[in-house]
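Trainee: Chain order of the listed sequences is X and V.
Be aware that the first sequence starts at 1, since it is given in my numbering, and climbs by one per residue.
Be aware that the second sequence starts at 484, since it is given in my numbering, and climbs by one per residue.
Heads up, a few of these hints could be off.
[To be verified] Here are the simulated distance ranges between beta carbons:
#: 1; chain 1: V; residue 1: Asp812; chain 2: X; residue 2: Asp228; range: 48 to 58 Å
#: 2; chain 1: X; residue 1: Met1; chain 2: V; residue 2: His490; range: 33 to 43 Å
#: 3; chain 1: V; residue 1: Ala518; chain 2: X; residue 2: Asp433; range: 28 to 38 Å
#: 4; chain 1: X; residue 1: Pro432; chain 2: V; residue 2: Ser771; range: 51 to 61 Å
#: 5; chain 1: V; residue 1: Ala804; chain 2: X; residue 2: Val37; range: 53 to 63 Å
#: 6; chain 1: V; residue 1: Ser771; chain 2: X; residue 2: Asp424; range: 55 to 65 Å
#: 7; chain 1: V; residue 1: Asp565; chain 2: X; residue 2: Thr305; range: 49 to 59 Å
#: 8; chain 1: V; residue 1: Gly506; chain 2: X; residue 2: Pro24; range: 55 to 65 Å
#: 9; chain 1: V; residue 1: Gly506; chain 2: X; residue 2: Thr175; range: 24 to 34 Å
#: 10; chain 1: V; residue 1: Asp537; chain 2: X; residue 2: Glu357; range: 32 to 42 Å
#: 11; chain 1: V; residue 1: Ala518; chain 2: X; residue 2: Arg62; range: 20 to 30 Å
#: 12; chain 1: V; residue 1: Asp812; chain 2: X; residue 2: Arg62; range: 23 to 33 Å
[Stated by the list, open to error] Restricting the straight-line Cα-Cα distance to at most 20 Å, the calculated cross-link-like pairs of lysine to aspartate or glutamate (EDC-like) are:
#: 13; chain 1: V; residue 1: Lys811; chain 2: X; residue 2: Asp433
#: 14; chain 1: V; residue 1: Lys492; chain 2: V; residue 2: Asp536
#: 15; chain 1: X; residue 1: Lys320; chain 2: X; residue 2: Asp117
#: 16; chain 1: V; residue 1: Lys730; chain 2: V; residue 2: Asp519
#: 17; chain 1: X; residue 1: Lys93; chain 2: X; residue 2: Glu38
#: 18; chain 1: V; residue 1: Lys730; chain 2: V; residue 2: Asp690
#: 19; chain 1: V; residue 1: Lys657; chain 2: X; residue 2: Glu295
#: 20; chain 1: V; residue 1: Lys811; chain 2: X; residue 2: Glu177
#: 21; chain 1: V; residue 1: Lys651; chain 2: V; residue 2: Asp573
#: 22; chain 1: V; residue 1: Lys811; chain 2: X; residue 2: Asp95
#: 23; chain 1: X; residue 1: Lys347; chain 2: V; residue 2: Glu701
#: 24; chain 1: V; residue 1: Lys657; chain 2: V; residue 2: Glu701
#: 25; chain 1: V; residue 1: Lys657; chain 2: X; residue 2: Glu293
#: 26; chain 1: V; residue 1: Lys492; chain 2: V; residue 2: Asp576
#: 27; chain 1: X; residue 1: Lys347; chain 2: X; residue 2: Asp228
#: 28; chain 1: V; residue 1: Lys657; chain 2: X; residue 2: Glu288
#: 29; chain 1: V; residue 1: Lys492; chain 2: X; residue 2: Asp433
#: 30; chain 1: X; residue 1: Lys93; chain 2: X; residue 2: Glu121
#: 31; chain 1: V; residue 1: Lys811; chain 2: V; residue 2: Asp542
#: 32; chain 1: V; residue 1: Lys730; chain 2: V; residue 2: Asp769
It is worth saying that the hints were derived from the structure and are not from the lab.
In this text the structure is predicted, and so the values were computed from the model without any measurement.
The beta-carbon is built from N, C-alpha and C at its ideal position, and this holds for glycine as well.
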Amino acid sequence: MPDLDAARKDLIAALGPEAVLTDPHALRLYARDASMVEGSAGLVAFVRSTEDVVACMRVAARHDLPVVPRGSGTGLAGAATPLGDPLLVVTSKMDRILEVSPEDRLAWVEPGVFNLDLANELRALGFTYAPDPSSQQVSSIGGNVNTNAGGPHCLAYGVTSAHVLALDVVLPDGTVERVGSEAPAARGYDLRGFVVGSEGTLGVVTAICVRLTPLPPAVRTMLLDFADVDDCARTVSGIVARGVVPAAIEMMDQGIVRAVEAFVHAGYPTDAAAVLLVEVDGIAAAVEAQAREIEAAAREHHVGTIRVASDDAERALLWKGRKSAFGAIARIAPHYHLHDCVVPRTKLAEILSGVYEIASRHDIVVTNVFHAGDGNLHPLFSFDRTVPGTLERVLAASDELVRLCVDAGGALSGEHGIGLEKRDFMPLVFTPDDLDAQACLRAAFDPDGRMNPRKVLPDGARCGDYAAAALAAEGALPEGTWI
Amino acid sequence: MDLIHPHTKRDAAEALRDASAAGTRALVVGGRRHADKGEPTEVDAELWTTLLDDRVAYDPAEMLCVVEAGMRIRDLRMLLADGGQEWPVDAPDDATVGGVIATGGPTIRQLRVGAMRDTVVEMEVVTGDGRLVRSGARTVKNVTGYDVHRLMTGSLGTLGVIVQVALKVRPLPKMTRTLVTHEGGIELGRGLLDAVPLPAAVLAGPDRIVVRLEGWPEEVEEQTAAARSVAAAEELDTPFPGPLFPKAPIVAEAAVAPSRLGTLVAELGAYRALMGIGFAWVPFDDGSALGAFRSRVAELGGIAPVIRGPGGLGDDALPAADVHRRIKDAMDPAGILAPGRMG
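Excised from the complex, chain X in its bound form:
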């Protein structure tokens, strides 16, 4: 077992006492992220520079400590939940925007910069940072990179990986590497693309070069309501079938609309079975043309009213309704469990009826607010976990839900990640050979298996040497060992 006291001394010597958390009560606050899984942190370090991270990696290597990176802790899959008393490296104090270069359409930022702060900073220059997860007020770019975060506007603009040009990464052996480039191509394999979305299992990202997206000259935001959930869902493929790719197509069902409306008073129609929030942007003439097609598709599917935001204030209000959905559902019950499976968008209608059926059978309240254009579901189970038996019902329903999506040809997660929560579902979508290749490529970055162990890959998926060693020691491994 690693000697935590000795490691703590080394860490304080390297970073200074103020950068290392020692109070046991304070440590508890870092025992989980925004997922339902709780772990325990051995040491917590607040890093302020790449050099600090290098020092952390060296201390961890010397004491054979696992390392878990953490941004704002808003992750929903448990990727930043520390297991087995690791060193938690918190990057939230690395929060500077280092450089903005409009001419190169790029900016260098530290990982702790909040997503929305970056977007607001760029707005004055006529640009934005396109990925806009609903957590963007509090989630950091470093966390976004590690989960390959999405958001409503990823339908047209693509997810985080399409907006990251380069990364500075501290590898577990303490070496610092720049992967990717300010130039549109870099030497070697696309390590950048592999690190994005790796959930802190390959190294610690200490600087990010993001791509700037010019603000569109015109935007139109529309709220469409439907008396029937099926019609609402089918409008989504109807829009796409007309050759239109809106900037965003978000769907909200009645349960979530009612919770949101009581919260933000945006004038959402609480009697509709479901609504679509659709946004198109671009050159004014193109926005007009796309809006016409969207209205036509909606009318084919019996849309009720079509409300067009008349100004920026109304547009902001409509989006506030969508983005505060997860706050609003606290009105339904104290706890929630959120999935983010992706399904082919032509199967949205049938999958949604499946979701309602599963929830009803397990007697759980479910509401839906999701990125319909991407087929990225967000069924939200609301419950009170202090009521005995409830959590078990929620987990049973979750299990069925995942299988429903996978059977429809879907994926386990569209943007939240695998972390701990979905780790053991991985064999549903990958063969042992697939998982073994992933494990070996992970080990290419982290040969000692100390980076965020036991996340993403199920226990049992490991690279060649690990397989032999682990099999030999089967059953004899101490708790928390990387397996």
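For chain X, the structure is supplied; the task is to place chain V on it using the hints.
Mentor: Same frame as chain X, now just chain V:
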């Protein structure tokens, strides 16, 4: 030289398992459009992917298309056109889908349609030792597991054979137009880039600028007017993009941060520079001029692999060389695939 010409993924897997066991060095070949890139050393066998060319699944409403990787670009284009869609890459007809992905070629229209690497959402690959490995999913969005396909994209056939891919496709533009100016230069190129809203490409040469526009008809008219407010421009009716220096013995594909294109091409007599993106294609008669150019590119923080003729990828150091080596070992443990190509 031996020829491996598999009919199925399983054939490919068996052939590579045998090749790894026997130490047979093999080069993966698609449409042979990028055979020069990375100057592969001598091999014992070629593995042709061109019989792996089936359509696997295509539903336009999903905006995804699944095909075997040996399919020619021409065939894919026709398949998608039936659904009113395209795979937005600018590759020649006889290239293969897998070849375009493996060589990581740039998309000329990247400003508007995004980078090719972001269109590959699922991939099946046969590793050097004959394992069939799949990553990603047939959904437009997905963060399930490690993206092995990211490493394969641009890996020049050094890690495995791409045998099947799911591609994110997009609606064909309602209208396209290519404009050409009577004058050229980076300065004018930048002026056009700033003036024209959401262009697909601004390709600058020393004596003319080609501006590619696409979108809704009203949109293209507005873009055209914006372009003409900066410089006189005629409509061009030849296919876009046109061939790049077809007679030059050596063509380099430099990549620098976009603001450095001006410095990069300052003393060159011939070039095509992709404004706002940072690629520049430059012809050379011989290796010595290429060497001088590469020094300049390196000073500007870029790279300049040769895509036609001798010259390889350049001798810039690989980042995280140990990681590169271990990735190669994980995917091609016997080291039989395109030895020396990635360096």
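Trainee: Against this structure, judge whether each hint is valid.
Mentor: Okay, the hints, checked on the actual structure:
no., hint, result
1, V/Asp812 - X/Asp228: 48 to 58 Å, "holds (56 Å)"
2, X/Met1 - V/His490: 33 to 43 Å, "violated (55 Å)"
3, V/Ala518 - X/Asp433: 28 to 38 Å, "holds (30 Å)"
4, X/Pro432 - V/Ser771: 51 to 61 Å, "holds (53 Å)"
5, V/Ala804 - X/Val37: 53 to 63 Å, "violated (37 Å)"
6, V/Ser771 - X/Asp424: 55 to 65 Å, "holds (59 Å)"
7, V/Asp565 - X/Thr305: 49 to 59 Å, "violated (36 Å)"
8, V/Gly506 - X/Pro24: 55 to 65 Å, "holds (58 Å)"
9, V/Gly506 - X/Thr175: 24 to 34 Å, "holds (32 Å)"
10, V/Asp537 - X/Glu357: 32 to 42 Å, "holds (36 Å)"
11, V/Ala518 - X/Arg62: 20 to 30 Å, "violated (49 Å)"
12, V/Asp812 - X/Arg62: 23 to 33 Å, "holds (26 Å)"
13, V/Lys811 - X/Asp433, "holds (17 Å)"
14, V/Lys492 - V/Asp536, "holds (11 Å)"
15, X/Lys320 - X/Asp117, "holds (16 Å)"
16, V/Lys730 - V/Asp519, "holds (15 Å)"
17, X/Lys93 - X/Glu38, "violated (23 Å)"
18, V/Lys730 - V/Asp690, "holds (18 Å)"
19, V/Lys657 - X/Glu295, "holds (18 Å)"
20, V/Lys811 - X/Glu177, "holds (18 Å)"
21, V/Lys651 - V/Asp573, "holds (15 Å)"
22, V/Lys811 - X/Asp95, "violated (35 Å)"
23, X/Lys347 - V/Glu701, "violated (34 Å)"
24, V/Lys657 - V/Glu701, "holds (10 Å)"
25, V/Lys657 - X/Glu293, "holds (13 Å)"
26, V/Lys492 - V/Asp576, "violated (23 Å)"
27, X/Lys347 - X/Asp228, "holds (16 Å)"
28, V/Lys657 - X/Glu288, "holds (14 Å)"
29, V/Lys492 - X/Asp433, "holds (15 Å)"
30, X/Lys93 - X/Glu121, "holds (18 Å)"
31, V/Lys811 - V/Asp542, "violated (35 Å)"
32, V/Lys730 - V/Asp769, "holds (13 Å)"
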